Amino acid sequence: VYYKLAPLAGTRRAQGPETATPLLCTRLARMLGFPTADCRLLRARVVFEGEELETWVLRSKSYRSAGERGMSLEDFCNAEAVAGENPAEFCLRMGWGEQLGRIALIDYLTANRGRDGSGIEVLCDPRGHLRLSPLTGGSFSLCSAFPRRLWRLDPLAELPSAGFPKSGSLQDNLALVPGDLPVESLRPSSRRELMRNMDAAFNGDDDLLEGSWQIIWRRWQRYARVRGV
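Numbering (our numbering), first residue to last: 5 to 233.
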């Protein structure tokens with residue numbers, strides 16, 4: 005089991021969106037039919053610099069099976085890729101095209117600017133079988149990815165990202181999504197399930213909740229229109 009805290013420095017009552025955002029991304033992936041890590045958002049009291057604080061904690065179950073070992077995709081790629089091969093080309097050669105496409109789509113829909121190879125694991129079981137770890141969300145996504153609430157004006161704005169798996173353009177990385185990738189469609193009614201019980205974690209900020217939905221929905225509409233989903 006893994007735990008992730010919201011940033012605590014400089015505040016007596018820690019904020020929640022930094023941990024709630026990865027949970028939203030995980031819910032979205034599940035709604036699209038993608039395998040994801042199992043996580044929950046918990047209210048907790050923690051001791052920080054000698055002071056007890058109330059905060060939100062993201063609790064994630066381990067996705068490793070018995071006997072599996074893990075290495076970051078970044079390190080594995082550096083060790084095993086041929087000269088001149090970028091992470092996307094390497095993953096395709098390894099047969100991980102579907103998972104790569106899921107990552108590219110989720111990152112585009114959530115405006116995830118912080119994805120890099122260190123946040124994805126290559127898992128190896130005792131028989132030597134390799135697989136990529138399930139999808140996880142990033143804190144630097146949705147409303148937190150947009151400077152000065154630019155999402156209010158343009159939730160489709162193209163923002164520079166960390167450059168994984170292929171380029172720094174989330175939109176360009178959509179080319180990695182296979183045309184036959186199974187994807188469940190989003191609908192306006194999807195908002196209710198996606199945002200269920202999120203009000204408290206977003207400190208009652210309806211603007212942030214609606215902004216997160218608009219980013220996802222508007223980007224989904226563009227993707228569905230281009231791909232004919």
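If you're looking for bench data, these hints aren't it; they were derived computationally from the structure.
A few of these clues could be false.
Derived DSBU-like pairs: lysine-lysine, alpha-carbon spacing no greater than 35 Å straight-line [said to hold, decoys possible]:
| no. | residue 1 | residue 2 |
| --- | --- | --- |
| 1 | 65 | 170 |
| 2 | 65 | 8 |
| 3 | 8 | 170 |
Note that the structure is a prediction, hence the values are computed from the model and not measured.
Results for each hint:
Between residue 65 and residue 170, the direct Cα distance comes to roughly 29 Å. Compliance with the 35 Å bound is thereby established for this hinted pair. Distance hint between residue 65 and residue 8 is fulfilled; the C-alpha atoms sit about 12 Å from each other, no more than 35 Å. With a C-alpha separation of about 27 Å, the suggested pairing of residue 8 with residue 170 holds against the 35 Å cut-off.
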